[in-house]
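K.L.:
Whenever a hint applies, use it, and build me the whole structure from the sequences.
Each chain, written out:
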Amino acid sequence: MAWKKIREYDAKRLLSHHMGRRLRAVQVQANRSLVESLPEQPWLASCQLVVKPDMLFGKRGKQNLVLLKADLEQAVDFAEDLIKRRGEIEVQGVRGRITTCIVEPYLPHDVEYYLSIQSVRNGNVISFSCAGGMDVEENWDKLRTVQLGPTETLQERHFAELFTDVAREQSRQVLEAYVDRLYAIFDDLDFTFLEMNPLTIAAFPGDDGQPAPEPQVWPLDLRAELDSYAGFKNARKWLNVQFPEPWGCSKWPQERLVANLDATSSASLKLTVLNPKGRIWTMVAGGGASVIYSDTVVDLGYGDELANYAEYSGNPKPEETYLFARAILELATNEPDGRPRCLLIGGGIANFTDVAATFTGIVQALKDFAGKLQVARMKLFVRRGGPNYETGLRMMEEVGEQLGIPVEVYGPDAHMTCIVTRGIEWITGDASKENESESLTPRRRLRASA
Amino acid sequence: MALFSRETQAIFYNYKPAPIQNMLDFDYVCYRETPSVAAVVTPGATSGGFRKAFFGHREITLPEYGSLAEAARLHPEADVLINFASYRSAFDSSLEALRTATIKTVVIIAEGVPERETKRLIAEAGARNKLIIGPATVGAIQAGAFKVADTAGTLDNILRCRLHRPGSVGFVSKSGGLSNEMYNVLARETDGIFEGIAIGGDTFPGSTLLDHVRRFESIPEIAMIVMLGELGGVDELRVAEAIRKGDITKPLVAWVSGTCATRFQSTEVQFGHAGARAGQQDRESASAKNAALKAAGAIVPQSFESFATAIRDTFASLKRQPVPERDPRPLPLDMAEALRSGKLRKATNIVCTISDDRGDEVTYAGMPISTIIRDDLGVGDVISLLWFKRRLPRWATKFIEMCLVIAADHGPCVSGAHNAIVTARAGKDVVSSLCSGLLTIGPRFGGAIDDAALNFMRGADEGIPPDEFVESLKASGRRIEGIGHRIKSASSRDRRVQLLSQYARENFPSVRYLTYAEAIEAYTLQKSPHLVLNIDGCIGALFADLLRGVSDILFHQPNMDPVACTTAVRSVIELGALNALFVLARSIGIIGHIIDQRRMKQPLYRHPWDDVLYATNDDVTSLRWNEALRGDGSPAPSPGADGGALENHVATRRGDD
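Going line by line, the protein sequences match chains A and B. Taking my numbering, the leading residue of the first sequence gets 1, the next gets one more, and so forth. Taking my numbering, the leading residue of the second sequence gets 451, the next gets one more, and so forth.
Any given hint might turn out to be false.
To spell it out: a stretch of chain B is covered by chain A in this simulated footprint if at least three of its residues, at any positions, have a beta carbon under 8 Å from a beta carbon of chain A; those stretches are [what the hints assert, rightly or not]: (1) 621 to 631; (2) 677 to 687; (3) 698 to 710; (4) 862 to 873.
These are calculated hints, taken from the structure and not from any lab test. Bear in mind that the values here come from a model prediction, so they are computed numbers and not experimental data. Beta carbons are placed, not taken as given, at the ideal position from N, Cα and C, and that holds for glycine.
P.N.:
Written out as structure tokens, the structure reads:
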């Protein structure tokens, strides 16, 4: 996947490294306290400090999560409070725990600029405003914007447009030099997004806390995204940058396992738990089809029962689908509540993926979970087409018979999302009535549909 | 304008047999006259080569080139590049293709091309008025005309979706998997597609939904447009804008998937496609885009479930004449496909019963190599598994290993080592030198073990007294394999024979054949001190004892009848396994000599003149030659009539093994 947010600390680390500046920021986590950084970062003791959570969410000031003008002791205390004592907090409607903070020198400043660079289809858009800071959105009309083509570099006319509103000539020169360098790094390091708000010009403190003679441009708050697709060519330049999970996404171990599988495989494997108590579990082939299955569950009014989003594609190996299916089955058979559940093993008509081969791994995983599936009252609904689909569907039917788990299979002539309706009927108990009247066995259903 | 026609040809970048064959099969069922693949580019390949593929029943060759420039120069009619380069190298090859005058369309299959590179390609294509499909796409198809790579899947599916003849729907989506699904739906609900495009799931695809919707608007054969969008990005909004401005007048049925995203509690969920991200700005959400399309005049269903119905109703309202149907041209069944589906059976040409390399790891007689390593088994066990298909007890495998150790080398002067040394010094490689040494092994050098074993078995099992055994062989003019040594004698016994015999006496369940061989030796020693039991004879007799000792394992029959057991053991020896043991053992030593010579950089060996008796005019030798020819036609010296077999044996056994 392409656009990935990185932590403010990492972004500042990348920028100072590639600008040849000293990094004036320290990362604090549960296992790395602020005091440990003191020997390498003596300014921590001599400067006033700023402490902020570094968790990929913005508007921290408005939520009183920022400590300004602190001394070292206060900073240590505030960071520890956020990480160790605060517990779960709600930010932008999502609950989560703060695990990481960033600590920087507090910079007295009188101007607050806004600067962003955004990757767009035709190149990159650079925006600048003299009215930066917390209320930038109220001053959106003051934004100056230029667009550059993918191979273009910044020219005098671009600077003229961006910095029209900058009154002081000296500030303008400092900004020009900075943005020029910043844009080159943005391009070279495959950033897709950078936002500095506010950005200021200030004399930065040295190790002894005394301001340096030359004022420089400093981003106070920074958001950044990298193009993870470019990782293969930036291994060195990215300095081991981390791609943390989005805020609030405390991952299940199974989600982490699938994420690791995805990272090492040539195929694509994705798993997100939405509601671990939900009774509609999905395991869908194809990036496009998987979204449509989730849509259909929601459209039919059962979004509350939708337990997960899971997608596999790109011809994964049977070993990979085995581990992937195991991860989902572990979650899906967890804490049975006596009510029926369904697993939708869906997918469109594959172009080149060998359906039987990918099902081999799933069947193996189903066998491992035979008992648990029965206890969870799980019924499997399979719909798939493509190379070798008949064999694949037969395998699914056979494993159901063998393990005593109800299975219904459908081929390419059945509507792709028909199993969503069937699954909902099963979990709501409507299915049993219908089965009595129709008494269709799954195998006959396959024939009837094929 | 339509992208393709029935004459369109492509250059295929990076050879992939399956998608190429898929394209040619499609061509054939559509009654195309020319294959849609003109040439293959394999970077770095030497030009002048070719790849084979089927066009119907016929096998054809596809020229292969090392560079796109050369392929394009020689195939100027091919205006599509199908790029199967990896995400690491797709940029360079695609850029080159866009800058190649004859290439008009570039299809990039790879997923994971860096965004900055794709954006440069988009700019390049825009400047040159060329079209990119992808990255991260399965490709595109024009029904009945041209198909890119794996698009539309198997032939079964192509026929089910009636893609072998044009319909009147233009279809575009991001997802390759879903396009295939939709071709199926469109075949059911309409007269099928005219053209179908999967633009790929990236944030910035090379060409957009709008690019293709606009093209569909301009293609007269297309009567209606079907578009399947996705959350994220503004492409669908631009389509809505184009409809509102009146640029798109044909009926457009659209659905944007991802309406479930509101359910995803977290601020950001990445779906399967790079461009599909939940938690983005509201106007990029699926519902917002569906609403915008509907407001602009597109036909937008309530949900994906009713997409098919909306398509059916819209198509019905067009009241189109049915398109002319034409049966697809029958394609011969592919061998692999036919075998897999059980429509064809085929006799195998080769049978193997000792090893299997098809699974995760190789098995020797059913035993995985990891087990062999884990249980610390040795080369004796491996030989017993691969030669006799059984795991033999340790006393037997230890004996096999002892034979290998003892027979590994016997110095540089024996004929095998000597030949190998001469060959190595002639500058030949290890394999050639080894072969020249091994090819020396035969009845006079190291190759008498099988026969010695068989002889001693016969004598022992039939209870022939030693004197009778020796004399009867002597009378028939045969020498006794396993008896006699050039150097060793009764007073200086062969240490190797002693070591093996001693081990066998202590460990074998029975040494009945060795005992018999020793009785023979006792008799022959009365004739000459050099007629000792030699190493061939000793290994032969003991191996027969060994096989008898493990007969219950070897033949899966406990308490075998002795006669049957003898027959079974003989049959194993007759396979040549015992001589093979010598070949294997001695290879170790011969290789040692070869490496030794090479290490010392020894020059070419030439035998000195003074070591050869030049007797070209010698009457005696010519006379004997003529006599021999008059006799049985064999130039070999025949044994004397006076029972000289044994003496002759000693004289002719130049060797010592």
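K.L.:
Hints first: check each against the structure and report whether it holds.
P.N.:
Comparing the hints with the structure gives:
1. 621 to 631: Coverage by chain A holds for the stretch 621 to 631 of chain B (8 residues, Cβ < 8 Å).
2. 677 to 687: holds (count 3)
3. 698 to 710: Result for this restraint: holds, n = 4.
4. 862 to 873: violated (count 0)
Violated hint for the displayed structure: number 4, the only one.
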